[in-house]
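Protein chains: 2
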Amino acid sequence: MTLSPEVRSLVQSTRQAARILAKADSETRDQALELIALELEQQKALILLANQADLKMAEVANLSTALIGRLKLDEAKFEAMVAGVRDVCRLADPLGQRQIHRELDQDLVLERLTCPLGVVGIIFEARPDAVSQIVSLAIKSGNGLLLKGGSEAIRSCEAIVKAIYQGLAKTAIATDVIQLLTTRAEILEILAMDKEIDLIIPRGSNELVRYIQANTRIPVLGHADGICHLYIDQSANLAQAIAVTVDSKTQYPSACNAIETLLIHQDIAAQFLPQVAEAMPQVGLRGCERTLKILPNIQAATEEDWQTEYCDLILAIKTVDDLESAISHINQYGSKHTEAIITEDQNSAQIFMQDVDAAGVFHNCSTRFADGFRYGFGAEVGISTQKMPPRGPVGLEGLVTYKYQLRGNGQIVANYSGKSAKTFTHLDLE
Amino acid sequence: MTLSPEVRSLVQSTRQAARILAKADSETRDQALELIALELEQQKALILLANQADLKMAEVANLSTALIGRLKLDEAKFEAMVAGVRDVCRLADPLGQRQIHRELDQDLVLERLTCPLGVVGIIFEARPDAVSQIVSLAIKSGNGLLLKGGSEAIRSCEAIVKAIYQGLAKTAIATDVIQLLTTRAEILEILAMDKEIDLIIPRGSNELVRYIQANTRIPVLGHADGICHLYIDQSANLAQAIAVTVDSKTQYPSACNAIETLLIHQDIAAQFLPQVAEAMPQVGLRGCERTLKILPNIQAATEEDWQTEYCDLILAIKTVDDLESAISHINQYGSKHTEAIITEDQNSAQIFMQDVDAAGVFHNCSTRFADGFRYGFGAEVGISTQKMPPRGPVGLEGLVTYKYQLRGNGQIVANYSGKSAKTFTHLDLE
Numbered sequence: 001m002t003l004s005p006e007v008r009s010l011v012q013s014t015r016q017a018a019r020i021l022a023k024a025d026s027e028t029r030d031q032a033l034e035l036i037a038l039e040l041e042q043q044k045a046l047i048l049l050a051n052q053a054d055l056k057m058a059e060v061a062n063l064s065t066a067l068i069g070r071l072k073l074d075e076a077k078f079e080a081m082v083a084g085v086r087d088v089c090r091l092a093d094p095l096g097q098r099q100i101h102r103e104l105d106q107d108l109v110l111e112r113l114t115c116p117l118g119v120v121g122i123i124f125e126a127r128p129d130a131v132s133q134i135v136s137l138a139i140k141s142g143n144g145l146l147l148k149g150g151s152e153a154i155r156s157c158e159a160i161v162k163a164i165y166q167g168l169a170k171t172a173i174a175t176d177v178i179q180l181l182t183t184r185a186e187i188l189e190i191l192a193m194d195k196e197i198d199l200i201i202p203r204g205s206n207e208l209v210r211y212i213q214a215n216t217r218i219p220v221l222g223h224a225d226g227i228c229h230l231y232i233d234q235s236a237n238l239a240q241a242i243a244v245t246v247d248s249k250t251q252y253p254s255a256c257n258a259i260e261t262l263l264i265h266q267d268i269a270a271q272f273l274p275q276v277a278e279a280m281p282q283v284g285l286r287g288c289e290r291t292l293k294i295l296p297n298i299q300a301a302t303e304e305d306w307q308t309e310y311c312d313l314i315l316a317i318k319t320v321d322d323l324e325s326a327i328s329h330i331n332q333y334g335s336k337h338t339e340a341i342i343t344e345d346q347n348s349a350q351i352f353m354q355d356v357d358a359a360g361v362f363h364n365c366s367t368r369f370a371d372g373f374r375y376g377f378g379a380e381v382g383i384s385t386q387k388m389p390p391r392g393p394v395g396l397e398g399l400v401t402y403k404y405q406l407r408g409n410g411q412i413v414a415n416y417s418g419k420s421a422k423t424f425t426h427l428d429l430e
Numbered sequence: 001m002t003l004s005p006e007v008r009s010l011v012q013s014t015r016q017a018a019r020i021l022a023k024a025d026s027e028t029r030d031q032a033l034e035l036i037a038l039e040l041e042q043q044k045a046l047i048l049l050a051n052q053a054d055l056k057m058a059e060v061a062n063l064s065t066a067l068i069g070r071l072k073l074d075e076a077k078f079e080a081m082v083a084g085v086r087d088v089c090r091l092a093d094p095l096g097q098r099q100i101h102r103e104l105d106q107d108l109v110l111e112r113l114t115c116p117l118g119v120v121g122i123i124f125e126a127r128p129d130a131v132s133q134i135v136s137l138a139i140k141s142g143n144g145l146l147l148k149g150g151s152e153a154i155r156s157c158e159a160i161v162k163a164i165y166q167g168l169a170k171t172a173i174a175t176d177v178i179q180l181l182t183t184r185a186e187i188l189e190i191l192a193m194d195k196e197i198d199l200i201i202p203r204g205s206n207e208l209v210r211y212i213q214a215n216t217r218i219p220v221l222g223h224a225d226g227i228c229h230l231y232i233d234q235s236a237n238l239a240q241a242i243a244v245t246v247d248s249k250t251q252y253p254s255a256c257n258a259i260e261t262l263l264i265h266q267d268i269a270a271q272f273l274p275q276v277a278e279a280m281p282q283v284g285l286r287g288c289e290r291t292l293k294i295l296p297n298i299q300a301a302t303e304e305d306w307q308t309e310y311c312d313l314i315l316a317i318k319t320v321d322d323l324e325s326a327i328s329h330i331n332q333y334g335s336k337h338t339e340a341i342i343t344e345d346q347n348s349a350q351i352f353m354q355d356v357d358a359a360g361v362f363h364n365c366s367t368r369f370a371d372g373f374r375y376g377f378g379a380e381v382g383i384s385t386q387k388m389p390p391r392g393p394v395g396l397e398g399l400v401t402y403k404y405q406l407r408g409n410g411q412i413v414a415n416y417s418g419k420s421a422k423t424f425t426h427l428d429l430e
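As they're listed, the protein sequences go chains A and B.
Using the working numbering, read the first sequence as starting at 1 and increasing by one per residue.
Using the working numbering, read the second sequence as starting at 1 and increasing by one per residue.
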């Protein structure tokens with residue numbers, strides 16, 4: 001597609017500003033975050049007013065209650081939003097980390113150092129509080145940022161970005177480093193800029209993520225599906241199995257790390273299934289044939305159920321022959337997100353964790369722990385279900401890459417080849 | 001596209017065999033490599049005979065001298081090929097490396113461990129000695145492998161794979177883990193299998209790489225272009241500048257890390273350019289207007305020259321105003337591969353290495369050092385010019401990913417949220 005001169009020039013100014021940000025030291029970046037937090041606090045009334053206007057329009061437009069819930073900024077959410085900026089500020093600097101330091105030969109020294117990706121594009125829906133979090137992560141990691149929010153949150157996002165600009169204006173960092181895009185046409189333009197944008201992070205529905213993955217050559221950090229399973233082995237502690245099932249399904253059913261399918265070993269199905277059904281009466285169960293023999297009043301599961309992320313209080317149940325069958329089912333239907341086993345048998349747990357192909361393989365705990373904050377990353381940029389790193393919950397690490405720097409005093413390769421070739425020392429340094 | 005049942009079943013058998021290989025311990029994998037090396041040695045005569053047949057067909061088909069050179073297996077190449085298998089064997093095990101070991105709370109421990117990608121597809125041209133190297137890397141890293149070589153090397157590749165199978169037959173590793181594909185139609189089928197294949201590594205011409213990148217959703221490890229630059233700053237040591245220019249251009253002109261464009265600071269152009277032209281009379285020079293004033297007898301460079309990877313003894317030369325202009329030119333035309341500066345000014349070097357956007361930024365040494373073996377990786381899986389890791393020369397690290405393993409004793413997330421929420425300890429362990 002042909003890019004409009006406006007968008008091209010906007011992205012170029014972001015890229016230019018990002019180059020300068022990339023050189024800012026850790027203190028400058030952290031100070032900018034603190035100034036942004038202060039400015040947000042000062043403009044709280046204006047931001048909440050803008051949010052009120054968005055909410056009014058959302059009601060007029062008859063948007064879903066769930067969406068309005070995500071759109072709404074109340075006092076508590078606002079405070080969490082500002083605290084989030086300061087949390088990112090406190091994280092370790094992700095830039096300039098030395099991953100390799102090696103003498104190749106005398107006075108020829110290789111370093112691998114982390115550096116920013118360049119320009120990151122974020123496309124998100126509804127939640128205006130995502131703006132300040134994403135901006136903080138981008139500044140902390142030295143990246144330029146193109147933000148495209150949903151039209152339903154436009155007034156809130158603009159008010160938040162205005163406060164961010166006023167915070168940045170007090171620093172040496174150019175405000176161009178952050179750009180808020182407001183029209184839908186700009187999404188398509190952004191997706192086409194694979195030379196100018198280094199990473200796209202979609203935050204929203206599975207449909208949004210799938211659409212973006214299918215329409216860009218830029219790397220995408222995200223996941224379209226979260227079809228997670230919990231397998232209850234025959235040697236499970238049943239009380240534990242019930243508690244973990246209830247938590248994995250009901251603690252936050254619309255989360256991507258909630259389970260969609262429960263797999264149960266045939267030997268304990270008759271004992272376990274009635275108990276788990278009783279423990280979560282609010283969940284609509286769907287069972288395979290063998291499960292229906294034990295729970296005759298639930299709906300029958302179809303092939304489609306094994307492939308569905310309900311994002312709701314619905315759970316498919318399959319009674320399986322053994323550990324092997326459970327692993328096969330997961331490797332066939334799982335989305336490589338998070339998979340868990342409940343068992344007292346260490347050997348079965350080991351086999352499960354080895355053979356299940358997923359970013360997270362858990363033993364005797366809830367799948368809901370799959371999260372950047374719970375893992376201790378201090379922030380979550382996204383969760384990736386791709387096979388290549390970064391996979392699983394991704395913290396600031398996902399916004400940086402590295403460069404190899406090699407310093408010499410005139411070395412040439414000709415001296416390291418042929419008959420009287422010099423040899424490399426390959427000595428790792430401190 | 002619809003996949004033929006034959007290819008689908010072949011890939012599934014590779015995937016299955018790879019799952020078992022992934023569980024093999026380091027010793028088993030290393031032993032397999034040694035058995036393969038022995039079998040190659042024993043079948044040397046048969047392999048060289050098959051190569052003779054390929055060479056005869058290549059002559060009949062009037063293939064280029066360069067291609068025939070790459071196709072040809074002589075005694076020295078054969079020995080290097082077998083030594084290469086043993087070199088991979090000696091590398092550190094890339095699997096099971098613990099990257100994170102963290103207590104999230106009491107008895108809730110997170111580990112991040114490296115594991116194989118799964119199934120890797122390699123599409124290469126001509127060089128039959130690539131087969132044993134790639135097979136060794138795949139076995140060492142626990143991955144299944146689909147090999148698609150060029151038709152011109154088919155007899156040599158089949159003979160080598162036969163020896164590899166006979167080596168593997170003496171181990172617990174199923175031969176299905178390695179598959180040699182022989183028809184061109186299979187390439188398209190492989191590229192469509194984004195659910196079954198985890199990484200594609202193209203080894204061959206820029207056209208091959210570009211074709212593959214444009215026709216698959218599978219991650220591709222490789223680079224289509226290697227447009228590298230050398231910038232001679234005004235404070236360069238001229239003798240060093242000349243030696244590094246000659247090496248970077250002529251030591252192996254068809255390599256991707258050879259330079260295509262030389263940038264020279266205007267203040268020393270009149271002194272430097274005649275000397276460098278004299279130092280490499282075999283190189284065809286093309287210059288910008290200012291360069292032509294100093295070297296009036298060389299060809300004029302056009303816009304196209306700045307965008308061209310010659311892979312030949314041709315060098316474009318541009319006289320630039322200053323360091324800033326050199327960096328701008330590189331960031332506009334470079335392929336993010338390897339870029340070098342020659343200067344005695346540490347500050348200029350620092351700015352160059354910070355601002356140039358490339359996998360490798362070098363100071364006072366030849367661009368030809370950008371190579372997995374020279375970096376001390378012991379092997380080179382490929383060189384990536386993408387921004388996301390892995391970038392630059394990629395060793396065995398490029399064939400592994402990681403999994404998060406979380407072990408608990410029944411923990412649920414509900415206890416870590418709400419009013420009386422437990423807090424995480426997030427304590428890094430040994």
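Each hint should be verified, as a subset may be incorrect.
Intra- or inter-copy, both count: the list cannot distinguish identical chains.
[Stated by the list, open to error] Taking lysine-lysine pairs in the DSS-like style, the calculated list, with each CA pair at most 25 Å apart, reads: (1) 422 x 77; (2) 56 x 293; (3) 77 x 56; (4) 23 x 293; (5) 419 x 170; (6) 419 x 77; (7) 195 x 387; (8) 387 x 44; (9) 23 x 387; (10) 72 x 419.
It should be emphasised that the hints constitute simulated quantities derived from the structure, not laboratory data.
For each hint, the structure was consulted:
no., hint, result
1, 422 x 77, "between (63 Å within a copy, 21 Å between copies)"
2, 56 x 293, "neither (50 Å within a copy, 69 Å between copies)"
3, 77 x 56, "within (18 Å within a copy, 75 Å between copies)"
4, 23 x 293, "neither (66 Å within a copy, 37 Å between copies)"
5, 419 x 170, "neither (61 Å within a copy, 38 Å between copies)"
6, 419 x 77, "between (70 Å within a copy, 16 Å between copies)"
7, 195 x 387, "both (24 Å within a copy, 10 Å between copies)"
8, 387 x 44, "neither (42 Å within a copy, 38 Å between copies)"
9, 23 x 387, "between (32 Å within a copy, 18 Å between copies)"
10, 72 x 419, "between (73 Å within a copy, 22 Å between copies)"
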